[in-house]
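**Student:** The lines below spell out each chain.
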Amino acid sequence: MSEILWEVLNHIEGFIYPNEVEVNWSVLIALYPYITGLVAGAFIVASLERVFKVEAVKPTYRLALLTALAFLLAAPLPLVAHLGHPERALEIMFTPHLTSAMAGFGFVYAWYLLIVLLLELGYDYRKDVVKWAQTATGFRGFLYRILTMGDYDISEETLKKDEKLVGIITVIGLPSAAFLHGYVGFIFGSVKANPWWSSPLMPIIFLFSAMVSGIALVLLIYMASTKLRGKEMDMECVDTLAGYLLYTYILDLGLEFMEIAHLLYTQEEGIDAILILINDKLFVSFIIIQIFFGTLIPITLLVLSKTGLFRAKVRKFFYISASLLTLIGVFAMRWNVVIGGQILSKTFRGYGYYIMPLFGPESLTLALAIMVLPFILLAIFVKLLPPWDEPPLWMKTERRYD
Amino acid sequence: MRKIHIRVAMVYITAAILFLIIRSFVVPPTFGEYDWYRGDSVREIMELPPQHANATVCKDCHSERYDLWSGGAHSTVSCESCHGPSYSHTKDPIIVSANVDNSREFCGLCHAQNPSRPADFPQIDMDTHGNGNLCVVCHNPHSPWVFGGE
Amino acid sequence: MITRRKFLKALGLLSATAAGVSAKTSRAEPTEYYDWSKHYYSFVVDSTKCIGCGRCVRACKLENEVPLEPFFFRTWVERYIWLKGEEEPYVDSPNGGFEGFPVIYDEKAIRKSYFVPKLCNQCDRPPCVQVCPVGATYKTEDGVVLVDEKYCIGCRYCIQACPYGARYLYPFNGPRKSRRGTADKCTWCYHRITKGLKPACVEACPVGARKFGDLKDPNDEIHKLLDENRISVLKPEQGTKPKVFYIGIDTEVR
Numbered sequence: 001m002s003e004i005l006w007e008v009l010n011h012i013e014g015f016i017y018p019n020e021v022e023v024n025w026s027v028l029i030a031l032y033p034y035i036t037g038l039v040a041g042a043f044i045v046a047s048l049e050r051v052f053k054v055e056a057v058k059p060t061y062r063l064a065l066l067t068a069l070a071f072l073l074a075a076p077l078p079l080v081a082h083l084g085h086p087e088r089a090l091e092i093m094f095t096p097h098l099t100s101a102m103a104g105f106g107f108v109y110a111w112y113l114l115i116v117l118l119l120e121l122g123y124d125y126r127k128d129v130v131k132w133a134q135t136a137t138g139f140r141g142f143l144y145r146i147l148t149m150g151d152y153d154i155s156e157e158t159l160k161k162d163e164k165l166v167g168i169i170t171v172i173g174l175p176s177a178a179f180l181h182g183y184v185g186f187i188f189g190s191v192k193a194n195p196w197w198s199s200p201l202m203p204i205i206f207l208f209s210a211m212v213s214g215i216a217l218v219l220l221i222y223m224a225s226t227k228l229r230g231k232e233m234d235m236e237c238v239d240t241l242a243g244y245l246l247y248t249y250i251l252d253l254g255l256e257f258m259e260i261a262h263l264l265y266t267q268e269e270g271i272d273a274i275l276i277l278i279n280d281k282l283f284v285s286f287i288i289i290q291i292f293f294g295t296l297i298p299i300t301l302l303v304l305s306k307t308g309l310f311r312a313k314v315r316k317f318f319y320i321s322a323s324l325l326t327l328i329g330v331f332a333m334r335w336n337v338v339i340g341g342q343i344l345s346k347t348f349r350g351y352g353y354y355i356m357p358l359f360g361p362e363s364l365t366l367a368l369a370i371m372v373l374p375f376i377l378l379a380i381f382v383k384l385l386p387p388w389d390e391p392p393l394w395m396k397t398e399r400r401y402d
Numbered sequence: 403m404r405k406i407h408i409r410v411a412m413v414y415i416t417a418a419i420l421f422l423i424i425r426s427f428v429v430p431p432t433f434g435e436y437d438w439y440r441g442d443s444v445r446e447i448m449e450l451p452p453q454h455a456n457a458t459v460c461k462d463c464h465s466e467r468y469d470l471w472s473g474g475a476h477s478t479v480s481c482e483s484c485h486g487p488s489y490s491h492t493k494d495p496i497i498v499s500a501n502v503d504n505s506r507e508f509c510g511l512c513h514a515q516n517p518s519r520p521a522d523f524p525q526i527d528m529d530t531h532g533n534g535n536l537c538v539v540c541h542n543p544h545s546p547w548v549f550g551g552e
Numbered sequence: 553m554i555t556r557r558k559f560l561k562a563l564g565l566l567s568a569t570a571a572g573v574s575a576k577t578s579r580a581e582p583t584e585y586y587d588w589s590k591h592y593y594s595f596v597v598d599s600t601k602c603i604g605c606g607r608c609v610r611a612c613k614l615e616n617e618v619p620l621e622p623f624f625f626r627t628w629v630e631r632y633i634w635l636k637g638e639e640e641p642y643v644d645s646p647n648g649g650f651e652g653f654p655v656i657y658d659e660k661a662i663r664k665s666y667f668v669p670k671l672c673n674q675c676d677r678p679p680c681v682q683v684c685p686v687g688a689t690y691k692t693e694d695g696v697v698l699v700d701e702k703y704c705i706g707c708r709y710c711i712q713a714c715p716y717g718a719r720y721l722y723p724f725n726g727p728r729k730s731r732r733g734t735a736d737k738c739t740w741c742y743h744r745i746t747k748g749l750k751p752a753c754v755e756a757c758p759v760g761a762r763k764f765g766d767l768k769d770p771n772d773e774i775h776k777l778l779d780e781n782r783i784s785v786l787k788p789e790q791g792t793k794p795k796v797f798y799i800g801i802d803t804e805v806r
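Chains as they are written, first to last, in the working numbering: chain F, 1 to 402; chain P, 403 to 552; chain G, 553 to 806.
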């Protein structure tokens, strides 16, 4: 660790407080809002079908929920891994200090995981789980039988009630998802000491970029999964999702623009430092990656797809590129907020420097490992609880007995 | 109520109660004694051992130097500013000895010419003043206008 | 065995948590020999006197087991230099001033220059305490902000929230084992001032540029300093209400 700090010392420009040499919130903290953003975004995609009755995206409903769950389970990992004392992490739930924006994390997280996601998934999957529990054997059968919680009642009537319940949970879940992530934005937006963070718009900007990234992720996972399973892609579904991606993108861009315009126009203390931050220190990650490749190009591709001039095959290509660029661009946004905010010294007279170690704690490899984990989880979930629309296993076996 | 609702509720309520029980064991007993923090922490911090004593303590054993010092131009400079933290020295003078640095650089820390220093502070040109001799050869460090060193 | 009372207390605490009030019990003094309700401390930095010798930085590091590497400071000294013909000052703090300040500009090129010692401002409205998620940093009754090294989880939100850069994360190779991986900052040498001693930096300062005093003691010389000088605080716009007052600094100092 010390060697890195000595190296950083050579890269510092201007004057920064001596304690600022160490960039305290590393790549892991950039990863954390990225992952919660994906959760919130994926959940909002799922609720499109439930709450807003967008029938076209139905094929992605369960997939989006499972994606949200997989990423939600990974969300605390970067946080805990970056703590100086991970073994004390639960203090945040045992003695939450209520004036702290961060103290809510444990409860917001628990609420969202236990009350929203698990219940929604549980009741939505109930019928299938009961069927699976009756047919599957071995470990899987055991698991399904636990999941039924001993209630095998799947009459028409109860299923209807379940349906209604899931609807209610989704309605509660929507603001919860918005809160889960808007709240992460507040953690940064409320730091008045840092002009690059301090902004009442921060939660909303985080929320919209979360939706953008979540939609892109679900879109991508859906396209990849149909390909992997050798199935026909539901073009209407993909087009609709891409449409929503475009609309949220435009809102996101608008908000981002407002934020920057406000900064540049009000010209408060520190504006000179911020200008250099944008034009020099963050030029590649902000202007080039986040704005150009991560926002403008995807929007262009999505608009092009909307024109109706392109065949399905081309549109697919556009969607894949747009989604990938979006996912990169949104991560760049998190990076620019988290790392950029710390590069900018609170003296407004200089700039720190961030060196990301390749191995060890708070390193690139750890970040990558944490990022891969949700995909592995998702693969397991998909195996255990197939989210596909076509007749599931139990139907096939049932038919055999017919 | 359906069986499933009751069971789900049971699981959650059990978890919540378990949480509260664990919490009551894990939270330190003095947490909240004054406010939202561990009361013992204040006492722990108060009990940290000091490293610096102060000049009046030194007087007990080094009265000669103390008297010289307190009447001289260095009377605003505490003994430990030059001799380093000496709390443990005062308790155990033979085992732990205080620092002594008689180098020119050391006096220069305070007296070297520097345009950022207040103009009325006595500063010297380190390259020429005293012809490169140790400062203590001429100045008594404890009362610098006393010449002839120790 | 968990007693019924303890359980009820836990329940009560939970509901209190939900209602948004923190459980406050009586505020007795922490030890017999020290009554913290009788003190309220304050610090005055007279920047016109500072000679930039760095003895305070050294004394602080030795007194408080602060790692000696140049990235961790409870207190440090900055040098401001306005060069002729330039608007903005040049600022530096080589190793926090630990080894003093080498001369870097010729006297003739300098318009104005002085040293500014920095330390934790022990704000009356401390943003670091506000953001601590677990209650590991707090303001005592006598106005000092402390960190509980046995309770801090090392999330570093307080470090981000401090507008003055007064906090740092105690490194994992630091000398004090129990403090590793937690936030650390100036305590005004709480272990000294509660014994009636001055903070180590005040003790070490050869020119009296650092003054420490008790506002609740009417005979303290700090009152004279505060009354007879024009004083300012750092970054007043942050609304933190610092209790470290500066004499003789420009607005460029922040």
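Hints were generated in silico from the structure; no laboratory data involved. Just so we're clear, the structure is a prediction, and the values are computed from it rather than from any experiment. Possibly wrong hints are sitting among the right ones.
[To be verified] Per the computed footprint, the stretches of chain P lying under chain G, defined by three or more beta-carbons under 8 angstroms from a beta-carbon of chain G, are: (1) 458-469; (2) 512-526; (3) 540-549.
[Claimed, not checked] Derived lysine-lysine pairs resembling PhoX-like cross-links, with alpha carbons at most 25 angstroms apart: (4) K160/F - K493/P; (5) K160/F - K192/F; (6) K768/G - K750/G; (7) K793/G - K768/G; (8) K493/P - K127/F; (9) K131/F - K461/P; (10) K192/F - K793/G; (11) K691/G - K636/G; (12) K493/P - K768/G; (13) K636/G - K192/F; (14) K768/G - K461/P; (15) K227/F - K160/F; (16) K161/F - K131/F; (17) K590/G - K787/G; (18) K58/F - K164/F; (19) K793/G - K461/P; (20) K383/F - K227/F; (21) K590/G - K729/G; (22) K493/P - K590/G; (23) K493/P - K161/F; (24) K590/G - K691/G; (25) K161/F - K231/F; (26) K227/F - K192/F; (27) K164/F - K405/P; (28) K192/F - K776/G; (29) K316/F - K160/F.
Note that beta-carbon positions come from the ideal geometry of N, C-alpha and C, so glycine has one too.
**Student:** Given the hint that K590/G pairs with K729/G, does the C-alpha gap stay at or below 25 angstroms?
**Tutor:** 33 angstroms, violated
**Student:** Straight-line Cα separation of K636/G and K192/F no greater than 25 angstroms?
**Tutor:** 34 angstroms, violated
**Student:** For the pair we were handed, K590/G and K691/G, check the Cα-Cα distance against 25 angstroms.
**Tutor:** Given that 25 angstroms is the threshold and the Cα spacing comes to 15 angstroms, the pair holds.
**Student:** Please work out if K493/P and K127/F have their alpha carbons no farther apart than 25 angstroms.
**Tutor:** Status violated; Cα separation ~78 angstroms.
**Student:** Does K192/F lie within 25 angstroms of K160/F when you go C-alpha to C-alpha?
**Tutor:** 50 angstroms, violated
**Student:** For the pair we were handed, K493/P and K161/F, check the Cα-Cα distance against 25 angstroms.
**Tutor:** 79 angstroms, violated
**Student:** Given the hinted pair K192/F and K793/G, is their Cα-Cα distance within 25 angstroms?
**Tutor:** 14 angstroms, holds
**Student:** What's the verdict on K793/G and K768/G, does the C-alpha distance respect the 25 angstroms limit or exceed it?
**Tutor:** 18 angstroms, holds
**Student:** Does the structure keep K768/G and K750/G at a Cα separation of 25 angstroms or less?
**Tutor:** Roughly 16 angstroms separates the two Cα atoms, so the pair holds.
**Student:** Is the hinted pair K160/F and K493/P satisfied, with a Cα-Cα distance of at most 25 angstroms?
**Tutor:** 82 angstroms, violated
**Student:** Would the hint linking K793/G and K461/P be met if the CA-CA limit is 25 angstroms?
**Tutor:** 40 angstroms, violated
**Student:** Tell me if the straight-line CA distance from K768/G to K461/P falls inside 25 angstroms.
**Tutor:** 30 angstroms, violated
Hint violations for this structure: numbers 1, 3, 4, 5, 8, 9, 11, 12, 13, 14, 15, 17, 19, 21, 22, 23, 25, 26, 28 and 29, all remaining hints satisfied.
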